[in-house]
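So for the sequence shown, the working numbering puts the first residue at 1; every next one is plus one.
It is possible that part of the hints are untrue.
[What the hints assert, rightly or not] Calculated lysine-lysine pairs in the DSBU-like style (CA-CA distance at most 35 Å, straight line):
hint, residue 1, residue 2
1, 140, 231
2, 204, 193
3, 168, 140
4, 204, 40
5, 231, 193
6, 193, 40
7, 231, 204
If you're looking for bench data, these hints aren't it; they were derived computationally from the structure.
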Amino acid sequence: MPVTAPPPSELADTLLARLPAVYGAAADAERAAQIRAYMKDVAPFLGLTSPVRRELSRTVLDGTPRPDETDLTAVALRCWALPEREYAYFAVDYLRRHVRRLSSGFLPVARRLVTTVPWWDTVDLLAAHVVGGLVSADPKLLAAMDAWIDDPDLWVARTALLHQLRYKDATDAERLFAYCLRQAGHPDFFIRKAIGWALREYAKTDPDAVRSFVAAHRDVLAPLSVREALKNVGP
């Protein structure tokens, strides 16, 4: 079901009243310009370093109750609607912290976040920590991942590639390898890099399986994917 507007949430009202005031008071225009240039002008920035932002987030969250899924949905969508990128970072951190409070019904919201002002800084964390958590909790969502891997939106496909990034022994290696092969010929750097990263991470669990996979498919895998996959385990 398509995601339209944020649902009503008193908790979101409280947080979104505090957030711009607390973050905005600490903005650093010079650093913001530097970060925006580094991030390829994907969005405006306030110029907050990660340690500063996390400390400010504690102030924003102080005394607030645990959110439910409606609250989390409202906070995420409302943060994404704000121009400066740090508000999206707040939302991602909030979702990661409370991912176990989300049901499989949150997946369309996650897709909305992945595809709205997409860049690796938000997409990768959503893939590994939010979408991955949803799929782990509800294997029925694997059907969605099987569709996402072929999605024409490269960020949706990248999310499918990376959703098992933290699974370790629970990784479905057959599915991971199949996804890598289905996107092996993709021309975009971010897909080729994701293939290598996903394989490199799984190599920490089963290096022999990754070496064997790469050896069997060097003819179709991009050199970038191969280099990334074997970075820590050798040929």
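Status of each hint after checking the structure:
Restraint check for residue 140 and residue 231: the C-alpha separation of about 33 Å stays at or below 35 Å, so the hint holds. A C-alpha spacing of about 17 Å is found between residue 204 and residue 193, which places the hinted pair at or below 35 Å, so the restraint holds. For a cut-off of 35 Å, the pair hint linking residue 168 to residue 140 stands: about 20 Å separates their Cα positions. Between residue 204 and residue 40, the direct Cα distance comes to roughly 31 Å. Compliance with the 35 Å bound is thereby established for this hinted pair.
This hinted pair checks out: residue 231 and residue 193 have alpha carbons roughly 12 Å apart, not beyond 35 Å. Proposed proximity of residue 193 and residue 40 is supported: the alpha carbons are some 18 Å apart, at most 35 Å. For a cut-off of 35 Å, the pair hint linking residue 231 to residue 204 stands: about 11 Å separates their Cα positions.
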